[in-house]
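Student: Below are the chains, spelled out letter by letter.
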Amino acid sequence: AQKITQTQPGMFVQEKEAVTLDCTYDTSDQSYGLFWYKQPSSGEMIFLIYQGSYDEQNATEGRYSLNFQKARKSANLVISASQLGDSAMYFCAMRELSGSARQLTFGSGTQLTVLP
Amino acid sequence: DTEVTQTPKHLVMGMTNKKSLKCEQHMGHRAMYWYKQKAKKPPELMFVYSYEKLSINESVPSRFSPECPNSSLLNLHLHALQPEDSALYLCASSQVEIGFNEKLFFGSGTQLSVL
Numbered sequence: 001a002q003k004i005t006q007t008q009p010g011m012f013v014q015e016k017e018a019v020t021l022d023c024t025y026d027t028s029d030q031s032y033g034l035f036w037y038k039q040p041s042s043g044e045m046i047f048l049i050y051q052g053s054y055d056e057q058n059a060t061e062g063r064y065s066l067n068f069q070k071a072r073k074s075a076n077l078v079i080s081a082s083q084l085g086d087s088a089m090y091f092c093a094m095r096e097l098s099g100s101a102r103q104l105t106f107g108s109g110t111q112l113t114v115l116p
Numbered sequence: 001d002t003e004v005t006q007t008p009k010h011l012v013m014g015m016t017n018k019k020s021l022k023c024e025q026h027m028g029h030r031a032m033y034w035y036k037q038k039a040k041k042p043p044e045l046m047f048v049y050s051y052e053k054l055s056i057n058e059s060v061p062s063r064f065s066p067e068c069p070n071s072s073l074l075n076l077h078l079h080a081l082q083p084e085d086s087a088l089y090l091c092a093s094s095q096v097e098i099g100f101n102e103k104l105f106f107g108s109g110t111q112l113s114v115l
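Order-wise, the sequence lines are chains X and V. Take the first sequence: its position 86, counted from the start at 1, is 86 in my numbering, and no numbers get skipped. Take the second sequence: its position 86, counted from the start at 1, is 86 in my numbering, and no numbers get skipped.
Chain X with its partners taken away, still in its complex shape (with noise of 0.2 Å):
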């Protein structure tokens, strides 16, 4: 089964309104952490938030929020305000406590398209 599923491979939007993005993960784990990362095509991957099992409050980094349901297992990105620079491709991440305490398991990720 695929541990971070994102089931968007492709997403449009208008300059200046908000996106979700979305992710589902699977663990049995009680203690993970989960990520978001933005790769533009100069190829380079940028973190953008992160967001523990355990934390109570949502994670924000200015225009990113990240909604997290833990009941339902999903960790979606909203971008607020989008912009030109934010067409990308945005991937979901998890490291688990019985995985290998260096590796994240990235999603398939969404190919981010802001339109003017």
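Just so you know, these hints were derived from the structure itself, not from any lab. Here a beta-carbon is modelled for each residue, glycine too, at the ideal position from N, C-alpha and C. Treat the hints loosely; a few may be bogus.
[Unchecked claim] Some chain X residues near chain V, calculated using beta-carbon distances under 7 Å:
hint : residue
1    : Ser42
2    : Phe47
3    : Phe91
4    : Arg95
5    : Ser108
6    : Gly109
Position chain V against the provided structure of chain X, taking the given hints into account.
Tutor: Same frame as chain X, but now just chain V:
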């Protein structure tokens, strides 16, 4: 600008060539990683060094040989590669943390083409 620097940015090599990819970071991170990424796919972990010791080798073929000369440098030596090894090779580093919030910082990658 990324604080993880990878060279070269592009590399074309024949199947009999020997080449090396280089990665450098000056953030004081003690874990360094090599990932392989095919187009439109997520990165796949190849190797992890923790405190300059190889801690994870994800069953990578021996034609890929990693080296960590010191805490700031990571090399990937390539020999007798196959065309299917053509991909983006990403280096990353992280501060070794207890817990789950260890963030990886990635370089811009080396786009490798094997002819």
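Student: Now tell me if each hint is right for this structure.
Tutor: Each hint tested on the structure:
1. For serine 42 (chain X), the interface hint holds, the least distance from its beta-carbon to any beta-carbon of chain V being 6 Å, beneath 7 Å.
2. Using the Cβ-Cβ criterion of 7 Å, the hint placing phenylalanine 47 (chain X) at the interface with chain V is satisfied: the shortest such distance is roughly 5 Å.
3. Look at phenylalanine 91 (chain X): its Cβ gets to within about 6 Å of chain V, closer than 7 Å, so that hint holds up.
4. With a least beta-carbon distance of about 5 Å to chain V, the hint placing arginine 95 (chain X) at the interface is held under the 7 Å criterion.
5. Because the smallest distance between the Cβ of serine 108 (chain X) and any Cβ of chain V comes to about 6 Å, under 7 Å, the interface hint for this residue holds.
6. Contact between glycine 109 (chain X) and chain V, as hinted, is supported at the beta carbon level, the nearest pair being about 6 Å apart and thus within 7 Å.
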